[in-house]
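In order, the protein sequences belong to chains A and B.
Under the working numbering, residues 1 to 187 are what the first sequence spells out, in order.
Under the working numbering, residues 1 to 86 are what the second sequence spells out, in order.
Source of the hints: derived by calculation from the structure; they are not laboratory data.
For every residue, glycine included, the Cβ atom is placed at its ideal position computed from N, Cα and C.
Heads up, some of the hints might be wrong.
Simulated restraints on C-beta separations [said to hold, decoys possible]:
1) A:G90 <-> B:D52: 45 to 55 Å
2) B:Q25 <-> A:T6: 36 to 46 Å
3) A:N161 <-> B:K17: 33 to 43 Å
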Amino acid sequence: MSKLETNTIDTISGSTDLQLGSTNATIIKANNKISFNNSGDGIYLGVTTPTASNLLDDFEEGTWTGELRGATTAATTPVTATGKYVKIGGLVFVKIYFGNVNTTGASGVAQITGLPFAAESLQILPVMTYGQDYDDTTAVMSIQMYLENNTTAQLIATKDNGAWQTTGITAGATKFFALTGSYYTTA
Amino acid sequence: MAITKNTTLEKIEIVGKYKLIHIKQKITVMEDGNKISETAHRYVLEPDMNIDNQSAEVQSICNAAWTQEVRDAWIAFKQEQENRLG
Numbered sequence: 001m002s003k004l005e006t007n008t009i010d011t012i013s014g015s016t017d018l019q020l021g022s023t024n025a026t027i028i029k030a031n032n033k034i035s036f037n038n039s040g041d042g043i044y045l046g047v048t049t050p051t052a053s054n055l056l057d058d059f060e061e062g063t064w065t066g067e068l069r070g071a072t073t074a075a076t077t078p079v080t081a082t083g084k085y086v087k088i089g090g091l092v093f094v095k096i097y098f099g100n101v102n103t104t105g106a107s108g109v110a111q112i113t114g115l116p117f118a119a120e121s122l123q124i125l126p127v128m129t130y131g132q133d134y135d136d137t138t139a140v141m142s143i144q145m146y147l148e149n150n151t152t153a154q155l156i157a158t159k160d161n162g163a164w165q166t167t168g169i170t171a172g173a174t175k176f177f178a179l180t181g182s183y184y185t186t187a
Numbered sequence: 001m002a003i004t005k006n007t008t009l010e011k012i013e014i015v016g017k018y019k020l021i022h023i024k025q026k027i028t029v030m031e032d033g034n035k036i037s038e039t040a041h042r043y044v045l046e047p048d049m050n051i052d053n054q055s056a057e058v059q060s061i062c063n064a065a066w067t068q069e070v071r072d073a074w075i076a077f078k079q080e081q082e083n084r085l086g
């Protein structure tokens, strides 16, 4: 094995990419951005030998279009908003805000549809609402959004010593829903 | 000064036992031919969704992945979930 010692490797004049190796190798591109040859390539962090659980091979950020609706019917004028997401490995961070919207015409369980990745198994997401009615005569302890194997979060009330309870959307003007949280995906 | 917005299909993935179709789009904003913004946009298609407004390429993949068995399993899962949640 030969050894190269140097302080700087630079591109030749007129070239923007610096490539190490011919295949399956790192390509260092212009503007200090590094990319790899193949989808699924990545970096092992915190280990001295390759270990699958230490491979950082997936990062993405972007937007998604969510709809606040009832499971039975949507609002007369569809209530949509643009949310943001960041995906690191199998973990997805999402946020979306429906501010001062009109849900007139919606009925059935309150839902936010259109999450950017399908959830892995049963998970919950924190939510805060304004103008939404709850069954507060029967000891509602907390509210969450329930997500299981799909991309639709459903509004759920956790009750004192009682079953989970889906919660119907309150139709009308001046409604606010804010959802921010994270969940796991197999995507 | 001309600003244009272009949406292209970047990735189609089939995920999980219910064959949910994950779509990744790339949205590029150009000004006079120079890229000034590029973002990813995501959505997911489920086996009981209407896909009439999707591209022919996406429809073809959905129809191949969503066999009757997959569609039935998806409907059964949703019904089971609904029963469980009350």
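Here is what the structure says about each hint:
For the pair G90 of chain A and D52 of chain B, the beta carbons lie near 32 Å from each other, so the given range of 45 to 55 Å is not met. The beta-carbon spacing between Q25 of chain B and T6 of chain A, approximately 42 Å, falls within the hinted interval of 36 to 46 Å. Between N161 of chain A and K17 of chain B the Cβ separation comes to about 34 Å, which falls inside the hinted range of 33 to 43 Å.
Checked against the numbered hints above, the structure violates only hint 1.
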